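Undergrad: Sequence:
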Amino acid sequence: MTATLEPEVGKSRRRKEDARLIAGRTRWTDNLTLPGLVHMAVLRSPMAHARITNIDTSAAKEMPGVLTVLTGADLADEQGSLPCAWPISEDMKSPDAPAMAVDKVNFAGEAVALVVARSAYEAADALESIDVDYDVLPVVLDMAAATAEGADLVHADLGTNASATWVFDSAEAGSGGDVEQAISDAEVLIERTYRQQRLIPAFMEPRSVVVDPTGEQFTMWSATQIPHILRLMLAMTLSVPEHKVRVIAPDVGGGFGGKLQVTPEEVLTFLAARRIGKPVKYTESRSESLLCAHHGRDQIQKLTMSARRDGTVTGLKVELLADMGAYLRLVSPGIPILGAFMYNAIYKFPSYRFVCTNVFTNKTPTDAYRGAGRPEATYAIERLMDELAAELGMDPMQVREQNWISHEEFPFTTVAGLTYDSGNYEAATAKAMELFGYDALRAEQRERRERGDLVQLGIGISTFTEMCGLAPSRVLGALSYAAGGWEHAAIRMLPTGMVEVVTGSSPHGQGHETAWSQIVADQLGVPFEDVEVLHGDTQSSHKGMDTYGSRSLTVGAMAVVAAADKVKAKAAKVAAHMLEAGEDDVEFAAGAFRVKGAGAQATGVSIQDVALAVFAAHDLPDGVEPSLDSEATFDPENFSFPHGTHLCATEVDTETGGVTIRSYVCVDDVGKVINPLIVEGQVHGGLAQGIAQALFEEAVHDESGTLTTGTLADYLVPSAADLPSFTTDRTESPSTTNVLGVKGVGEAGTIASTPAVVNAVVDAVRHFGVNDIPMPCTPMRVWQAIKAGGAQ
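In terms of this note's numbering, the sequence shown is residues 69 to 860.
In case anyone wonders, no lab produced these hints; they're calculated from the structure.
A quick note: this is a predicted structure, and the numbers were derived from the prediction, not measured.
Every residue, glycine too, gets a C-beta built ideally from N, C-alpha and C.
Careful: at least some of the hints might be erroneous.
Claimed, not checked - Listed next, with one range per pair, are the computed distances between beta-carbon atoms:
hint : residue 1 : residue 2 : range
1    : R517      : R260      : 21 to 27 Å
2    : V77       : T564      : 22 to 28 Å
3    : T724      : T804      : 46 to 52 Å
4    : V768      : A658      : 56 to 62 Å
5    : D690      : E655      : 20 to 26 Å
6    : Q249      : R82       : 55 to 61 Å
7    : T564      : R88       : 18 to 24 Å
What the hints assert, rightly or not - The calculated EDC-like cross-link candidates involving lysine to aspartate or glutamate, where the alpha carbons are at most 20 Å apart (straight line), are:
hint : residue 1 : residue 2
8    : K638      : E648
9    : K855      : D840
10   : K611      : D697
11   : K79       : D598
12   : K664      : E651
13   : K636      : D697
14   : K79       : E597
15   : K636      : E568
16   : K641      : E693
17   : K636      : D598
18   : K634      : E651
19   : K855      : E723
20   : K416      : E476
21   : K634      : D690
When you get a sec, could you build the whole thing from the sequences and use the hints?
TA: Shown next as structure tokens:
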């Protein structure tokens, strides 16, 4: 077999996965059909807060095809409480979170009964026959009102709507000064309150789950980001032996954090299948997905930034209210805490204080949404930097340059206590401004303002960094997270020289199969096509921490590299024996072992030759086992810190409030790039999602707690027609904390784009007296801001 000589890393390979995905040859969870498969449907409460006084299921049980009807009372003794893995404080209030309500519902959409029938249609029809009586309770929706004295309570037994308060103070931590002193001494003070609206992870594939109880194990197929965590949590929640649970995540059609969850439906499908002894399938409708799959963001940010008159920042105080919804889901409490370390961003703040209070309301629970805490932080600081520039009459980019960490200062320990290992903000910004034509656009903006053009031009800036590669286990432990941040991988060398890579990172659109194949091809010197990547099945991939927080490459791929190193070390012993040389006298390059100094043309043995020799095991060195297979677990020593500069030009019609993105340029530094084509796709998808928050998406509840944006006709996910073409480029400052020098890319576009767009919209109309427009910046809100600002 020929070895691979041309490096794979850095090559724009088309994704291996795409052939089956595009051709429709894949197996989504909802495609699965098993012998005897039956279907589950879930009845959901129309009330946001009410006692359940009676449920009459008698008529439903008589409907054609119905096998069973179950209520919360039927499952109360076995359903347990849905897990929360992140108790952020010792006194955190965490109410029981049943998969199905027993005697009280706390948000509209909460499950109150289920039907299992021979077809999905019969199950849905039977739901109509279930009669539920409710005694309506006061609804708690507003976070600020929920924390006021005498407020109505979501969970009366807790005595409060505040779940927990978490504080970071740089003076107490020893990482900076006293922010109150900085505020007291400030020459300039910027105080703003921003709202991060509630968002819904509108993944392409709705959540789906199939449970087969008929074998020796319970086998669950689920459209999930976290098969390994799900298996553990099912075992712990339902008191099932872990080795009797197998979870399979087949191809998963997107997640964005929305499938980083142990869902009520997964538990209910498991319990229903166990009850009736048949395979059960549940697939949510799009309306169910929008209504009761967890939501994201939903924070109120009260911000105070102090500075000197020359534009140098001196202090930052952040006071957050974060809406948990009705219950704490898997990592809900920690989401805003992830942002705590990023409000200082790329800037050298001498003092910093962060206080977050998590609040219960009668809304759908919130949890991870692409970026998870970091977009909120970036939005806040990048909006504040623009406000500081406006206050001082400075160019917004000049204020940023004056305060950011210069490339000579890396590694740099921030006021939040993190150590940024590498970066070059100057290089990324210079390239972005050149591609954008920054000076020419500023000149055009001045000219339009002078002539009173009805369509005004705005220029928005967002510089950013983020903490990726969640995370060093010791750091997660210090933050009271219940799990570690390591990842596992294994490499199996087959007798024919083919390679199987087993990864604990479970993809849902990121292209792991392709990128991992490229990495292993280079590490072992085998053809790209000879590598098969296995994932998403707790039986074959028995260990892992799964995929979220831009951790797959920086953590998961490092485990793959470590396993490859062990394969080469094992192979070297056998190759030396085959070459009749000492182990220290052979070297490995381009997929072959040769005697050192013999030259590339000398006789060698390929790693494929060694694999076949090990399989035969006819002539192995003494004490060497007949196997090259190796596994490794990697725990990072630090986060990785990608960064970038995003620039957006918007045109705002001052008569209608309509916003058009004229141009968008981003230059990201994600360290070493494995596959530029995949990186481009990740950036484009991230930009679309961040722009959607700025201009389109918002989950809205009415005064009774009913979701009024419960269809895609009301919840405005942008299409390709709503978005511009993007100009993207990269700079490269390799990470120093992993051998490949890679950083994360999956969330970068979402983190940076939202403030870039909003800054551009506000910049277009700032001369009318506008300094903020709540997201999303709809035409009505933009028009109202212009009118309120004093425009004639």
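Undergrad: Hints first: check each against the structure and report whether it holds.
TA: We went through each hint and held it up to the structure:
no.	hint	result
1	R517 <-> R260: 21 to 27 Å	holds (24 Å)
2	V77 <-> T564: 22 to 28 Å	holds (24 Å)
3	T724 <-> T804: 46 to 52 Å	holds (50 Å)
4	V768 <-> A658: 56 to 62 Å	holds (59 Å)
5	D690 <-> E655: 20 to 26 Å	holds (23 Å)
6	Q249 <-> R82: 55 to 61 Å	holds (57 Å)
7	T564 <-> R88: 18 to 24 Å	holds (23 Å)
8	K638 <-> E648	holds (16 Å)
9	K855 <-> D840	holds (13 Å)
10	K611 <-> D697	holds (16 Å)
11	K79 <-> D598	holds (17 Å)
12	K664 <-> E651	holds (10 Å)
13	K636 <-> D697	holds (10 Å)
14	K79 <-> E597	holds (14 Å)
15	K636 <-> E568	holds (15 Å)
16	K641 <-> E693	holds (11 Å)
17	K636 <-> D598	holds (17 Å)
18	K634 <-> E651	holds (15 Å)
19	K855 <-> E723	holds (10 Å)
20	K416 <-> E476	holds (14 Å)
21	K634 <-> D690	holds (19 Å)
In summary, this structure violates none of the numbered hints.
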